[in-house]
Every structure is written in structure tokens, then in C-alpha cells.
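Protein chains: 2
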Amino acid sequence: MSVIPESNVDVLIVGAGPAGLMMATWMAKCGINARIVDKRGTKIFNGQADGLQCRTLEILDSLGFGHRAWREANHMLEICLWNPDENGIIKRSDRIPDTIPGISRFQQVVLHQGRIERFFLDSIAEASEIRVERGVMPSSLKIDESVVEDDAAYPITVTLRHLTEEEATPKQNSTSANGQSVQDGLFRSNLAKDDTQDLLDASKINAKAHSEEVIHAKYMIGADGAHSWTRNQIGLKLEGDSTDYIWGVLDIVPITDFPDIRMRCAIHSADCGSIMVIPRENKLVRLYIQLTTTQKNGDNSGRADRSKINPQMILESAQRILAPYKITYRKLDWWTAYQIGQRVGTSFSVHERVFLAGDAVHTHSPKAGQGMNVSMQDSFNLGWKIASVVKGHAHRSILKTYQSERRRIAQDLIAFDHKFSRLFSGRPAKDVMDAEGISMEEFKAAFEKGNMFASGIAVNYGASAIVAKEGSSAEQGDGTDVSVANAKHRVISDQSFCSGITVGMRIPSHKVLSQADARPWHLHEVLPSNGRWRVIVFAGNTNEDRQREKLWKLSEVFSAPDSFLNLYTPKGARYDEVFEVLLIHNAPRQSVTVLDFPEVFRPYDEFDGWDYNKIFVDEVSYHEGFGNIYGALGIPQDGAIVIVRPDQYVSYVGSMEKPAAVNSFFAGFMKEQHASDEAQTNGTKP
Amino acid sequence: MSVIPESNVDVLIVGAGPAGLMMATWMAKCGINARIVDKRGTKIFNGQADGLQCRTLEILDSLGFGHRAWREANHMLEICLWNPDENGIIKRSDRIPDTIPGISRFQQVVLHQGRIERFFLDSIAEASEIRVERGVMPSSLKIDESVVEDDAAYPITVTLRHLTEEEATPKQNSTSANGQSVQDGLFRSNLAKDDTQDLLDASKINAKAHSEEVIHAKYMIGADGAHSWTRNQIGLKLEGDSTDYIWGVLDIVPITDFPDIRMRCAIHSADCGSIMVIPRENKLVRLYIQLTTTQKNGDNSGRADRSKINPQMILESAQRILAPYKITYRKLDWWTAYQIGQRVGTSFSVHERVFLAGDAVHTHSPKAGQGMNVSMQDSFNLGWKIASVVKGHAHRSILKTYQSERRRIAQDLIAFDHKFSRLFSGRPAKDVMDAEGISMEEFKAAFEKGNMFASGIAVNYGASAIVAKEGSSAEQGDGTDVSVANAKHRVISDQSFCSGITVGMRIPSHKVLSQADARPWHLHEVLPSNGRWRVIVFAGNTNEDRQREKLWKLSEVFSAPDSFLNLYTPKGARYDEVFEVLLIHNAPRQSVTVLDFPEVFRPYDEFDGWDYNKIFVDEVSYHEGFGNIYGALGIPQDGAIVIVRPDQYVSYVGSMEKPAAVNSFFAGFMKEQHASDEAQTNGTKP
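Heads up: the sequence lines are chains Z and B, in that order.
For the first sequence, numbering that gives the first Met the number 0 begins at 0 and goes up steadily by one.
For the second sequence, numbering that gives the first Met the number 0 begins at 0 and goes up steadily by one.
Honestly, I wouldn't trust all of these hints.
In the DSBU-like style, the derived pairs of lysine-lysine whose C-alpha atoms are separated by at most 35 Å in a straight line are [claimed, not checked]: (1) Z:552 to B:90; (2) B:236 to B:448; (3) B:236 to B:307; (4) Z:552 to B:325.
According to the in silico footprint, chain Z covers these stretches of chain B (three or more CB under 8 Å from chain Z) [claimed, not checked]: (5) 252 to 258; (6) 584 to 596.
No lab work stands behind these hints, which were simulated from the structure alone.
Note that this is a predicted model, so its numbers are computed, not measured.
From the three backbone atoms N, C-alpha and C, an ideal C-beta is built for every residue, glycine too.
If we strip away everything but chain Z, and leave its shape as in the complex, we get (with noise of 0.2 Å):
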């Protein structure tokens, strides 16, 4: 008999759905050894349509394909209200932007998952040489314990095994293959050319099937699903029930008189329940379509009979609820029907090794077009943390944010979704007598109220040692204390600095100019997600002497020997291999060039020159207007420091006079890097 092979990895993520490939890509754009792998043989096509909120097209901005995304998708620009008039027939009662002006560069697109799923596996492939690894599943996970604290312990033991083609094949969801023959390839085919690859790897499975190894790893990330067996492994659980209504989904070509079908539509029929309209890619509309008006049908376990649902049922629904106008389709591309509670787990990780992300913590209605975003801001929000624990950067300490961050994020997910799911599905109320029916008045608001939410931009996280602020962090976060470990190094920022910016928030994004070539960028683009921490001084006018000497003051302390650049950067790693010092002035951009600001702004490269990418001014472009960063951010004229992390999340704004708690601030997590150290960072690739 043949011995199992085994092997060490640093990072080990298994499902490789959104969750799970934002942190592959994440492994990859830090250069961490990992491995992804995924119990299905290929990726599923059929319906997944998925709506991307603004601050997630920023986050896939930043990983280098977002404008694939933003290219692609449909874009939804207006939310039409229809309610019942006087007579109980269906107005347009009232148009709303579906995404709030003003708070991101992008606004809420609709695109299937599969297209997001594959701007991911581009841009790992390009990166790294992680690929994933599909017909593979773990068979069993134990954790060491005794080690879980040892940087260097690969304490996690996982056995994999490789399935056969046959077992790795999805089976048929009954419902889907049920009634008409639905065909879950029309996207496919338009698509074919990007899967060549994945069938060619399909073809590979065979030939390990049935074979394990077992793997040994530092860190592991469970992004398996509602019913992930990672979960269930560490013996986690998921909270709440199950109290939504029964909905059906069409994805159909409409063919109808319906005059805002291209828009995206709340429409709350007098008798005959609600329907939502999501204009999809490819002349695709997406109906969510309420079947029942009251809570709990079905049997008495909470659970519908599906058995009675099919499209033509479905399609009958909406035109009652759409009537008087008229509805039908020739192509029906998918369809389904669901019921589905808001639950969320009770903790996110055991011992900061194994971590849990995505649907495998949070499950939650559909309609508001959460589930991707909040999944993928899961992993967003971990992998930065685990590749710099992992490359020694930082103490292992800051990994308890992750629970603390996101768990509360999926608290106030699952708030929102109940809350909304309630509105949504109740019958309009007749009068202001009707005590039973929801007020159109308080719908409208709610779903106002719920778009900043549901733009993912309204993202807090609370006071912790990575971010600078007064107050409790359990409070602020899910209860987990994650306050810095030692007081003499906690740090609170002044607000005042900056009234546009909120310490816990992602950095806002306006444009400014590049001091060197005069070209526009927008913040965003310069902060792009490849692990690196970012101090940005806004400098003011640096024509004025105060400003000047401050700025050459502040640059002595970050260049000194003590300095958090020194102390925290690796010895013979590039200059901004951890941290990337940036400048942002006002002076009038052509009475100063590149050359006349401090050194530590342009390092000098004895092959590649001054650095010329990381001198800024706030001033009008020629073609593109005027960012306005300082009115924007609300940067005072005295000018101001911002400690933004990895992930665009603000952790520090404060004075340009006290370049110090900059020093401090990192003290608080970061490790000392000595000449001898370097043997620590043996598990991330060159």
C-alpha cells in the first residue's frame, strides 16, 4: 500500500465560492503559500444572478478588476414604487435613486456570480500560482491545541480527499429540474470560451479519484456554505429561524406591457402579495414573486411543500399581482422557490486558527442582494490580517478582530434583512385605520434608509488595536474584547482632524492630482489591495512655512532609526514593502515639483530612480474637474495624519504635529524586525 503524502501549508481555504476565493486572492496578491480547494468539479451556472453593492465594486477596484465588473453588469440607476391607488389598482407611486448620490464612485450593479467568480480566478492566476483545486474535499480536521499560540506550529491536521468526476457532480436541485426542461446553459454558451479550462481540470479528477493526503497547516478558512462541514467540524452552530414568506424566482425574458420592467421595482399588489423586479444582463429580468401572504406555510416543521411549485405557478402569481398590465416569457433561464430564515454563528473561529466566512455564518433572504457582498467582505476583511501574521509582520492578536468586525456586520445583516423582509411582504394597508397593513409611507423610508446599508459603505468597525478610537470595543463590536494588549500603546485619534473621514469607515475616494505627471487619480486607485498599510499626510500648503517645517519635522521622525518604517519593515525588504508613506499637498501644483519634498515621500532607487508615484495635490485637473480632497475630507488648513489599513478601513486620523503616535499605533501589533528575523517569513513565497 501506497503511504498518504502530506504536506505543509501556510493558508488552507476550502469552498471556493465568493468568500472563498476573495481570500485565495488575497493569498495571492500577498504572496502567502496556500491552497483552495472546493468539493465540486465545476463551477454552477444557473441562476446566481447577484446584485454588487458600491463598496464591494470598490473592493474588486482594488484587487485590479473591477471595471470588468462595472463593464459588464446591468446597471441599476432607479427604484420604482408601485402600490395599490383608491381602486386597489397598481401605481407608480414614487421613483428613488437605488443608489444614494454621492457616497461611492460606483453604484449598485446587477451581474451573474459566475462572471464575478471568474474575474477572481483570473486575477489569482495571474498573481500567484495558487489554482483551485475542485473534486477535493476534507474528510477530517483535528487542531493541536497545545501549539495554537506558536507562530511557527502548523497546528491544524486536515485529511483531503480527491472525489471522482461522479462525485463531484452536483446533483439536480429537484426543484430546478422540475416541471418545464429548464436549461441552465444559455449563460454558459455565451460564456464558453473562459471554461475550457475548468472542463479540461474536470477531466483531472478521475485520475487521483479516491486518493487522500493530508495537509498541515497554520491558518484554514471554511467558505463551505449553509451547510458547511467546517462548521460542523469545530462544532460551531448557527442562531436564529427560520420566518420568512415563500418566494418564487423567474429569470425570464419578459415579454409585458409592464413600463418600468428595465427598472428595478417594489410592487405591492392590494390582495395578491408583492412582486420585486431585478433588470438583469441580456435582457434577463429577475422576478422575486411572493406566493403566500401569510408567515409559515407548510408543515408544521416551518417548511413549505415545494412540490406544488413550478414556473407556470409562479408565472401565474405575478400576473395576478401585475395585473392590470400584462406578462408572459418564450425563455425562461432559471427558476426556483425558497424560504429561508436569518441566522447567524455564534462565533466566526476556534482559536483564531480555523476561521469561518460567507454563507457558513450568515443565511438571509435574497431580495436586498446581501449575500455575496457581505460573504466576500468576510475574507476581504481576514486575509490582509492572516498574510501579515503569517509573514511575521504582526502579532497574531489582531486576528480577533475578524469576529469582532464581521460578526457584528452579520448582526446588523440579519436586523435589516428581518426587518425588510416584513415590509416587504406585507399587504399594503388600506387607510391610516388599517393597523394590519404596512404603510406605504414607512415602506418607502425603510427602503431609503436600507440603501445606505445596503451600499456596504455605512461599514463601522469598531475601537480595537487597529483602529483608534474612543470607546468599548465589545461594545462596538460583536462583545469580543479586541482593546490593545498593552494600554501604553492604545492610541485615540482627534476626529477633528478630518471631519470627512471616520475613524472604523472605509477611506471616501476623491480625486486628486499625481504631482509628477499631472494625471488624475481617484484615492481609491492609489490605495490599491496587495497588504500594504498606508500614512497619508495631508500636508496643506507646503508654500507656507509652518506647513513646510512641519512636514520636514514629521519626515525626520518617520525616517529616524525608532521609526515605526524601521522597527516594522523587514531588513533588505523593498522601502514600501509594509507601509506606504504618501503625501497629499495644496500648494498650486506647478510652483513645486517632485524633487522639493522630503525623501521619505519619493525613496530612491539605485536602478529605478526617485519614486515619483506617491506625491499628491488637491488641485483641478484639465479634463477630469476638481477632487477637492481637503473640503471633501474636511482637511484643515494645518493639515492632518490618516493611518488607513490594507483594506481601506480608516484606523488613525490626527495631527501632522504629532508624527509620534504613528509610532505608537503600530507598536501596538506590529513585531520588531531584526536582520535575524527574516528565517520567521520562510513560509511566504520570495
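With chain Z fixed as given, assemble chain B onto it according to the hints.
Chain B in isolation, oriented as in the chain Z frame:
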């Protein structure tokens, strides 16, 4: 001995540089049966940085990949002019925007030619089965003059020879292999994944080596460069002479204290010649360095002795010109030297069957960044015309407009380049009495004026069957008579209906909103290059009775059995196969829906329902401002009709009250389609 294989093809393209690839892209987009061959075994990667004009970016965007160029390119925003001060020391004397603000939604950028070719190859592969056949060159060309006017004939016979790999590998140029060892692999290694297929293809060349085949073609394009084999076969010549100075070119990562090294700079030293600085991608900078300050150095043939030129002596010239600033490098990517004249072809085709494009019909100096742009625009002008004739939609007579339009452009380019080169190579005047020197004011004025020409936006095609404007077609073009064959079909635009649109120029682009979903689009985005003519109706405020009545009357004319739509669209083809009828109104968007407009603007399909993508409104958007296309284009509230060619150039503007003029215009060159005509299109793909 084996028989030489023979086959028919509608269009044969010789040469896979930018001009040839543009032609192949048109063929792919229009579904034309075409082949493209290139004698080289692989693409060439070194050197060949190129400016991309605004207009070129618009064109690439219309083909679906402008965004790829825009993202990867280095953007040049500002030109800095450096001239000697009173002490003969160079000083920055002026700054001007590199692209005139407001003329396009793109600005001039710089990108390696290899990347542009890659985008073309990807686009061709996505749209068709056409692939570049490398290591293949024509060895004989015959034209049967007796059938050149027969639409069904294949009058061109070409023998193609398949080369060995050795034959297909370009010889290293002796200058670029000279001096220190310069790798051209720097750029290639960054983009390795793109070359895999090319390398595979190259390995296939051997298999067919020395085999021959005979092709019978309807049309042929020689896009085979300055030494065009095709041009020589058909006996055409280049006219002009070699009058430029000697210039060296260095592509380096500069190490310098010159403060404007990331700007485009024109630097005139007092006595040591001139430099143009072109900042490129990946920290590279291209320097064009004047090596002699007198004209026609070298031997009596007008050619310089290049054996004495090497990177060190070019660098030393640069150092003299840039003093007192210092410049050196550790990374040299490529270098060359050139002395080139201005020449233009005597004719651009024979019998409108074999055409020449690109360097085959015009050569000039590279400094104005025009070469690749004008070459691509040659075949961008020609491709849709050939496609339209091959498909049997248009009469052959429109093919004459290629020479009329593009040879005139080449003549203008040569005159521009001659003037620009003289001003740039001359010694700066010491004072106003220095008659031999070049006035720096004159230089700046010429530079600014040249910018409009160099943008490509100023192109204004003369009167012809496909450009309905006043005056003599011969005078407005290169002398060729391209007026409408039958004078009764001559239509003259009424330019007063759109003061911001010039007939013969490309239609300007401003944002409009889609009526169906409120999404903002740049007008150009809804005019992709797919071979379709567009008839755009600016209907004004259709809530006013007068405008609504005009619109419905116009729709009747457009829908009548004898309308251009019905006469010239092949029977059984999709409603917008040849013409797309678009509506842009300025009634308040929320006061109307798509279903309020005549059906000719929202055609119905029994599977896809209504077409929601042809009605637009000029209104403020939620997130992207106000396009104000009525104001920008000077559209009166009376409305207007605009006919736009498949290449976005404007054919006609006129009154909404004369819809029959559209019928007359198309009668001048389109072919009536009858049921029996379908056989005519059998050379094209289904």
C-alpha cells in the same frame, strides 16, 4: 507531386500590424469571410511605443477594447516647454495641456504597440474564426481586369508561400544589436501569458514550410509596411523626400534630477539640439534626441552613417542638451536612430479591388505620435465599406471614397509633420533679430495648433455619396471624383439644424440617459462599430403637440414599404441588421415611458419582446452629471435628423420635417434588397 490547393476568400489582408489587424477586426465584427497573413513568425516586441490619439481611443472603444488601452497606457496630461534663458541655460518657459480640454472623452496616452496588437487579436478571436496566419507571404498577385466591376467575381489571384521558421524570424536590426547588449525581453516577460498561443503557433510554421496555395479574393488589402510588397506588385509609388534630421531614440528608466521627467517635454537647448521626452508605462521614458543640428548629414544619398551611432553617444548628446541637469540610466530597454522623410502614395488602390493602408502609403517622422494612429484609421475607414459591398448592401462606388478621404488625410499629415519637424529641429532664436533661429513663440503656437491635428478629432471628410454636404468632392478630398452617381440622389445637409455637429466629422459624444432604465451612456457607447448605419432622430420635447406630430409623421415615412429601412434591409434579416434608428428626446424623462414612442424606435420581437435600447433622453443623471447633448450639439427645439456612418462620421443633418431626405440619401449608394437577393450574401457568414 501534389496539386497546389486553391480556395476563395472574400477579403485577403496582407500584414498583421495595426492597419491589417484593424481591417481584420472589421471583417470579424461584420461576419465577413476573410484571411490575414503575415510573413513574420511572431510579433516584434522591442521599441514601438506609440502615442494613441483621442480619436484612436474612441475607435478602439467602439470596437470594445478602448478601456484596456486606457487602463494600461501612460497618460500624458501636460507638455512642458523648456528653452534657453538669457544666459543660454534651459528653463521651463511654458506649460500647455497635452490634449485640448473638451474635444473628446479620452486624452492622448502612450502604450506599447504590442499591447494594442494583443487587444486586436483578442477581439478578432472573440468575434470570429479569423486567426492571423504567421509565416505566410504572398509570392504572386494577378488581377483579372475584365471582371473588376462584377460583384460576384473573385478578380484577384494570389499565391501564398508558407515559410520556414527561420525565414519567418525577422533579422535583428544591426543598430539595435549594436553596442551594449540590449534585451528586448523586459516588456515581454511582464506579459508572458499573452504569448503562449503565439509561441505555439510559431511552432506550427515548420509543418507547412515551403508549401504553396492559391487564393482567389474579391478584395485585398496591403497593410505590409513601408517596404510594401503589395504596393510594388500593383506598381504604385511613394512621393516625397528625405529631409528630416538625424535623431536617436533611447527607452530608459532614467536616473535624473530633471524635474519634469514624467511630463511630455519639448526641450530646445541653445546650441546642442533638442529632446522630446515621452514618459511611458512601467517607469520607462522615451527620449527622442537630436544628434545633429544640420540637415542632411552623411553621404550624398541623404542617408546618415549610422555605424557611429550607439547608446553611449546618444546618451552623451542628451546630457549636453539637458545640462545643467544630469541624466543617466541603469536600465536600457531599447534604442535606435533614424532619419526619415515625408512620403505619400500616388494612389491608394487599383480598381478599388486591391487597397493599400498604413505605412505602405505614408511615411513620416515618429515624434508627433501619429504613425500607428493614422494607419489604423486608414483601415477603420475602409473596412466597413468593403464589408457593406461584400454583403451586397451597398454599391461598389462607395469604395472610391477611401482614397478620396484617406489620401487627403495623408497629405495633410505630411504637411503637418514637415512643419513640425522643422520647428523642432531648429536652433532657438537668440533674440528677435536672429532670423536663422526658430522663434519659441512660433514653436509654442505651432505646438498648440498641432495638438488639434494630432488629436485626430479634426478629420473632416469631403463631400461624396456618403457625406451629404455642399461643394466639390474632388476639391474636398484628394482630387478623386466621389460625387453621387445619379445627381437626383444628391442630398445636401442643412447644417443650421445642428450647429455643434459638422457633416464629414465624427459625431461628438455627450452623455444621454436610456429612457427604459435611466442609465447614462456616452453617445459613442451606443454607436459601437458593428457595420450598422445610424439614423438618430433628435425629437425635442415630445410632450409638445408640434414635436409629437412631427415624430409620428416621420415614423410613418420610416415605416412605409418604400422607406430606406424596408428597401435596403435584407428580407428576413433582423430589424436593425443594416440601420439602427435611434431617438433622443428632451421631454422630462419621468413624464414618459418607452411605450409612449412609435414602434420604429422600439421594435418588437416575439421571443425578446420590445427593444428597450434605442430611446434616449437628454436629462441630468443621478450620478454622472448632465450631458446636455441638445445644448452641446446645438440642436434646436424643432429637432433634427442626423445620419451617422458605421465609423461614427456624420453623413447628413437636416430637418425632422423632411424625413424623405433620408430615403434619398441612401438611394444614392444602397442596393434594393429583394427576396431573391439573399443568394448574393452567400459569401458572408450566417
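Hint check:
no.: 1; hint: Z:552 to B:90; result: holds, 31 Å
no.: 2; hint: B:236 to B:448; result: holds, 31 Å
no.: 3; hint: B:236 to B:307; result: holds, 31 Å
no.: 4; hint: Z:552 to B:325; result: holds, 29 Å
no.: 5; hint: 252 to 258; result: holds (count 6)
no.: 6; hint: 584 to 596; result: holds (count 4)
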